[in-house]
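Mind docking chain Y on chain B? Use the hints.
Protein chains: 2
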Amino acid sequence: MTETTDGDVTIAVSTVIFALRSDGEGSAASLRLPLVRRIRAPFDGRWALPGGPIEATESLVAAAGRNLRETTALEPNYLEQLYAFGDADRSPYERVVSIVYWALVRSEQADLAEGKNVRWFAADELPELAFDHNLIVEYALWRLRTKMEYSRIAHAFLGETFTLAELREVHEAVLRRPLDPANFRRQIEASKAIIATEQHLTGGRHRPPRLYRYNTSVELTDNGPLGRS
Amino acid sequence: MTETTDGDVTIAVSTVIFALRSDGEGSAASLRLPLVRRIRAPFDGRWALPGGPIEATESLVAAAGRNLRETTALEPNYLEQLYAFGDADRSPYERVVSIVYWALVRSEQADLAEGKNVRWFAADELPELAFDHNLIVEYALWRLRTKMEYSRIAHAFLGETFTLAELREVHEAVLRRPLDPANFRRQIEASKAIIATEQHLTGGRHRPPRLYRYNTSVELTDNGPLGRS
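In order, the protein sequence lines correspond to chains B and Y. Count along the first sequence starting at 1, add 92, and that's the number in the numbering used here. Count along the second sequence starting at 1, add 92, and that's the number in the numbering used here.
Since the hints were made in silico from the structure, they are not lab data. Heads up, some of the hints might be wrong.
[To be verified] Rough simulated footprint, nothing fancy, chain B against chain Y, three-plus residues with beta-carbon under 8 Å:
1) 148 to 161
2) 180 to 193
3) 226 to 233
[As the list claims (entries may be wrong)] Only some residues are given here: those of chain B computed to face chain Y with a beta carbon under 8 Å:
4) Val101
5) Ile103
6) Thr149
7) Ser151
8) Leu152
9) Gln173
10) Gly178
11) Ala180
12) Glu186
13) Val189
14) Glu230
15) Trp234
16) Leu236
17) Lys239
18) Met240
19) Pro317
Glycine included, C-beta positions come from ideal geometry on N, C-alpha and C.
If we strip away everything but chain B, and leave its shape as in the complex, we get:
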């Protein structure tokens, strides 16, 4: 095909899925994402974001959720539209506009996502991906890190209750820098984002740390008039 007309634009939905996972026994958790190996041209053999066409009657967010389940068996805790990528030359044979979503999943869920052509990669050390997917991941990482600073998004990586140390470790892994425990405690307590519970972490310690939960009176995702996605 040498020329594209209006009607030839194809639309696809892709999803960037982040989880905090350890590389192996004993290593610290880092931000990782699952990619799918392509088994046809273009970019045959390259790794790519999970994605595909939209069905006739499903919404864009439903397509992203279905896609995610089909390729990784994951159910996201957080799923939000990231951006529409539509440069004319991003796919070699046809004009494709990709509506990209991003998702956050908890590490114990992430352990279930091990398909034949699925592999987890460190988000900051990717090989050369198919299409413009390196740029898409880079943008998703920037959005995650920006959002981490002013919203309650870390919740999506944690269970219902968590210690302050666990919450700080999520922030440290995403932002890739150590945070001072005392400062972190002061800031997070001042933000009213979390609420102390009466429970403590079980175990044989002398002073088991207190468990916290997120303040659910604030929406996790504030999409304004679009509601929760």
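Same frame as chain B, but now just chain Y:
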């Protein structure tokens, strides 16, 4: 057509264009946007956002810019992707995914945009529009007001230099609430977003107010790895 398959999805680009305009002599400026009257089905005769298909070789943002020029003769000071709207039932005869951009223009530019089928409406008092365009405008308003609180976006409504009163009036018109002049001055000066110039507003006053300019060492639009749009 009773059934849509993957290949039948049509893609369009639409733009929400905001300006601060006065309704007539003496009235205060309020947030207004230009709409285009539809002259064919569906929604024949209804008002709609300017928009249309993308050309074979143009990027999405280029399509939004072209579209804006063609329908309103405006050049935006700010043009950013808002969201992709793609629910299955948003258009009655075909499946259309609309990539929506939003733009801010200065009032003196807005005065130039008066086409035959173009009319300016108060952003908060719209008639029933075509498609889901009421929801789209509502979301764009929410994004503008949210962004106003933490970014330098008011700049796009102002000239190169402006008084603190002019800047406060922009914030008041967008947020639709009066702001205390002394508090506003303290907050804006503390934010380092603006820089005092040596010029003052000309006119016959005893103490002409000082002119300020935005601190251009900070990017107006921070899109991270996507660069300025």
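Legend entry - Per-stretch coverage check for the segment 148 to 161 of chain Y, three Cβ contacts closer than 8 Å to chain B: Per the Cβ count (5), the hint holds.
Legend entry - Status of the hint placing B/Leu152 at chain Y (closest C-beta pair under 8 Å): 4 Å, holds
Legend entry - chain Y contact restraint for B/Val189 - C-beta distance below 8 Å: Cβ of B/Val189 sits 6 Å from chain Y, so the hint holds.
Legend entry - Status of the B/Leu236 interface restraint (C-beta, 8 Å, chain Y): 11 Å, violated
Legend entry - Proposed interface contact between B/Pro317 and chain Y, which counts if any beta carbon pair is under 8 Å: 4 Å, holds
Legend entry - chain Y contact restraint on B/Lys239 - CB to CB distance below 8 Å: Hint on B/Lys239: violated, closest Cβ of chain Y at ~11 Å, above 8 Å.
Legend entry - Closest C-beta approach of B/Gly178 to chain Y relative to 8 Å, hint status: With a closest approach of 4 Å, the B/Gly178 hint holds.
Legend entry - Status of the hint placing B/Gln173 at chain Y (closest C-beta pair under 8 Å): 6 Å, holds
Inset, instruction - Confirm or reject the coverage of the segment 180 to 193 of chain Y by chain B under the rule of 3 or more residues with a beta carbon closer than 8 Å to the chain's beta carbons. - result: holds (count 4)
Legend entry - Restraint check, 8 Å cut-off on beta carbons, for B/Ser151 near chain Y: 5 Å, holds
Inset, instruction - With a cut-off of 8 Å on the beta carbons, see whether B/Trp234 makes it to chain Y. - result: 3 Å, holds
Legend entry - Residue hint B/Ala180, partner chain Y, criterion CB-CB below 8 Å: The hint holds - B/Ala180 has a Cβ within 8 Å of chain Y, the shortest such distance being about 5 Å.
Of the numbered hints listed earlier, those contradicted by the structure are 12, 16, 17, 18.
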